[in-house]
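**Student:** The listed protein sequences correspond, in order, to chains P and B.
Each residue of the first sequence is one higher than the last, beginning at 812 in my numbering.
Each residue of the second sequence is one higher than the last, beginning at 37 in my numbering.
Source of the hints: derived by calculation from the structure; they are not laboratory data.
Please read these numbers as outputs of a predicted model, since none were measured by experiment.
C-beta atoms are modelled at their ideal positions from N, C-alpha and C, and glycine is treated no differently.
Be aware that a few hints might be false.
Away from chain P, derived, C-beta distances all over 12 Å, residues of chain B [what the hints assert, rightly or not]:
hint : residue
1    : V49
2    : Q53
3    : S88
4    : K89
5    : V90
6    : E97
7    : G103
8    : V125
9    : K167
10   : G197
11   : S211
12   : K236
Computed beta-carbon distance windows for the label pairs [unchecked claim]:
hint : chain 1 : residue 1 : chain 2 : residue 2 : range
13   : P       : P848      : B       : L168      : 53 to 61 Å
14   : B       : Q217      : P       : A936      : 45 to 53 Å
15   : B       : Q53       : P       : Q863      : 39 to 47 Å
16   : B       : E139      : P       : K975      : 42 to 50 Å
17   : P       : A941      : B       : D45       : 48 to 56 Å
18   : P       : A936      : B       : G134      : 51 to 59 Å
19   : B       : M70       : P       : K889      : 55 to 63 Å
Straight-line alpha carbon distances no greater than 25 Å define the calculated DSS-like cross-link-like pairs of lysine-lysine that follow [as the list claims (entries may be wrong)]:
hint : chain 1 : residue 1 : chain 2 : residue 2
20   : B       : K236      : P       : K965
21   : P       : K938      : P       : K814
22   : P       : K814      : B       : K89
23   : P       : K833      : B       : K151
24   : P       : K939      : P       : K975
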Amino acid sequence: MKKSIRIRISQYCLARNLEIIKSFGLGSCVGLVIWDPKKKIGAMAHILLPSQHNSDPAVNSAKYAASAVALMVEELIKAGCHPERLVAKIAGGANMFPRRFNLFDAGPGFNIGRRNILATRKALAKKKIAIAGEDVGGERGRTIEFNPRTGELKIYQSTGEVKKI
Amino acid sequence: MTAEKFELDRVQVDALQELCNIGLGHATTAMAQMVGKTIYFEVPRVTKCDLSKVPALIGHEREIVVGIYLRFHGQISGNILFIFPRESVLLLREIITGDHSEELVFDEYQTSMLKEIGNILAGSYLSVMEKLLGMRLVQSVPWFAFDLAGAIIDPILIQMGEDADQIVVIEAEFSVRGSDQLRGKFYLLPDPTSVRLLLKAMGIGA
Numbered sequence: 812m813k814k815s816i817r818i819r820i821s822q823y824c825l826a827r828n829l830e831i832i833k834s835f836g837l838g839s840c841v842g843l844v845i846w847d848p849k850k851k852i853g854a855m856a857h858i859l860l861p862s863q864h865n866s867d868p869a870v871n872s873a874k875y876a877a878s879a880v881a882l883m884v885e886e887l888i889k890a891g892c893h894p895e896r897l898v899a900k901i902a903g904g905a906n907m908f909p910r911r912f913n914l915f916d917a918g919p920g921f922n923i924g925r926r927n928i929l930a931t932r933k934a935l936a937k938k939k940i941a942i943a944g945e946d947v948g949g950e951r952g953r954t955i956e957f958n959p960r961t962g963e964l965k966i967y968q969s970t971g972e973v974k975k976i
Numbered sequence: 037m038t039a040e041k042f043e044l045d046r047v048q049v050d051a052l053q054e055l056c057n058i059g060l061g062h063a064t065t066a067m068a069q070m071v072g073k074t075i076y077f078e079v080p081r082v083t084k085c086d087l088s089k090v091p092a093l094i095g096h097e098r099e100i101v102v103g104i105y106l107r108f109h110g111q112i113s114g115n116i117l118f119i120f121p122r123e124s125v126l127l128l129r130e131i132i133t134g135d136h137s138e139e140l141v142f143d144e145y146q147t148s149m150l151k152e153i154g155n156i157l158a159g160s161y162l163s164v165m166e167k168l169l170g171m172r173l174v175q176s177v178p179w180f181a182f183d184l185a186g187a188i189i190d191p192i193l194i195q196m197g198e199d200a201d202q203i204v205v206i207e208a209e210f211s212v213r214g215s216d217q218l219r220g221k222f223y224l225l226p227d228p229t230s231v232r233l234l235l236k237a238m239g240i241g242a
């Protein structure tokens, strides 16, 4: 029997063996998976924001792209994974309200989904983790499911379409 | 700048509830005139909770819904979101446009109709808030999404998440009397930096 773990916004979790990790309703948030193919251990995070502005630094570190990557890598290494074997997959970062989303708040290129994708890519590059697959952007929400045994990330688009990366 | 920390006491929760009550009274009257049916709404709920718990408040994780979203600005700022389940949107469309089809594809005309409903509801709600709080509020154009409830709330949480991990959610469900078919949910999410100002304007600030 597969054990299914569910993560919410700002959370991350490790999974191995028969466990699978799911995250529901990713809109502009980014779902990040980091996996060790040899150990067959993986971690998933549901990232809300690119970087820390003024929230309390003590809580919810998986809330931000950079701290989520750092935390996940640390935990994976603790679990016996090798940093050089780690690969990543990312999904999400959609623009949920296309067309002039933010009329009143000034700010260059106000597209939060895109900002999240870029920040996640940057954080991974900094840790020298290659991106093995991506399903990002667009204008639809996604639900994702990761199997650490196969390394497969299943993406259920809200349109009904299912993708595997 | 650090995240603003606050706790809501009983009096403040009651006041926010009452503010929503009066505002929704006006908004549902406006909607009743549009659809020609009496609209009822439940007692609003005021919750202060962690950002990560908000998607569960909005709807079922697998449910695809219509969301109409607006922002308001002024002395206080925040977000207004209307969520309509699939069947309700079909019915709403039928009442307003006379279109009987079961197909849920939104063209420009239908999207614009739903956005306008959100606009009218939010407008009448905000005008009550303006009167009660004695401040000018400006609303944004409405935005439309047809997607997973959790995905629709995402960009709103992202904006609010910049300033806080805990947010205040004021919600109420409304429906046509005697029918479960036409129903929707109203959400008012004041920006984390506005909660204190909002309470102060009501004379119960900490």
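**Student:** Of all the hints given earlier, name the ones this structure violates by number, lowest first.
**Tutor:** 3, 4, 5, 6, 7, 10, 15, 16, 20, 21, 23
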